[in-house]
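Novice: Please work from the sequences and hints to get the whole structure.
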Amino acid sequence: MPEAQPVIIILAAGKGERFRAGGGTTHKLEALLAGKPVLQHVLAAAQASGLPWHLVRPQGGTNGMGDSIALGVKATPDAAGWLILPGDLPLITAASLQRVAQALNEKPVVVPYFQQRHGHPVGFGREYFDSLARLTGDEGAKAVVQAARARADVFSLALNDSGIVQDIDVPEDLAAAEQDKNAVQILRTRW
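Following the UniProt record's numbering, the numbering of the sequence shown begins with 1 at its first residue and continues without gaps.
Accuracy of the hints is not assured; some may be wrong.
Here are the simulated DSS-like pairs of lysine-lysine, each with C-alpha atoms no more than 27 Å apart in a straight line [stated by the list, open to error]: (1) Lys-142 to Lys-74; (2) Lys-74 to Lys-15; (3) Lys-74 to Lys-107.
Computed beta-carbon distance windows for the label pairs [claimed, not checked]: (4) Tyr-113 to Lys-181: 15 to 25 Å; (5) Gln-146 to Gln-98: 22 to 32 Å; (6) Ala-150 to Ala-175: 11 to 21 Å.
Don't read these hints as lab results, they were simulated from the structure.
No residue lacks a Cβ here, since even glycine has one placed at the ideal position from N, Cα and C.
Specialist: Below you can see the structure in the form of structure tokens.
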């Protein structure tokens, strides 16, 4: 029997209000980047990682990231752990997802960073099921990570992947990603 793996929880339930307020004409996850929707790039990276994944995108959305995380974790109760991945990180690589999953062998919480900026996905081991399943509102898992840090349960993982921090919140972010030569190369290798 294969060893249980963590599940990538892809959060796609937000309203994308900042993107539209900034002049976007569609939801940010549906906005085109290199000819494909932003969310499609995230799904492609998840699929390429070989890890199981679950998309959280209920009709009508949720009340915030905490609610979305809880929905995803409750939908995958038998997972070995979870990688919490917002759906607006189209430049993330499959290798980064794999590295966070592997780092869960070091500590039960993994926080990746790129050039001293914390990024995503944040990884959680199975023992954090109850804490994640109880989340509500828009704070996400920040309090869970802080409590884990206080117990020395957090592994800080340096990654050479700007895609873990380069999210799409406003139309200018989309334009910047289109102009980034490294980003364009990453996107070309997916399709």
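Novice: State, for the Cβ atoms of Ala-150 and Ala-175, whether the hinted interval 11 to 21 Å holds or is violated.
Specialist: violated, 40 Å
Novice: Is Lys-142 within 27 Å of Lys-74, Cα to Cα?
Specialist: holds, 18 Å
Novice: Cβ-Cβ distance between Gln-146 and Gln-98: within 22 to 32 Å?
Specialist: holds, 26 Å
Novice: Can the suggested window of 15 to 25 Å be confirmed for the beta-carbon pair Tyr-113 and Lys-181?
Specialist: Hint holds: Cβ distance 23 Å, inside 15 to 25 Å.
Novice: For the pair supplied as a hint, Lys-74 and Lys-15, is the alpha-carbon distance within the 27 Å limit?
Specialist: Judged against 27 Å, a Cα distance of about 22 Å means the pair holds.
Novice: Given the hinted pair Lys-74 and Lys-107, is their alpha-carbon gap at most 27 Å?
Specialist: holds, 22 Å
Consistency with the previously given hints fails for number 6 only.
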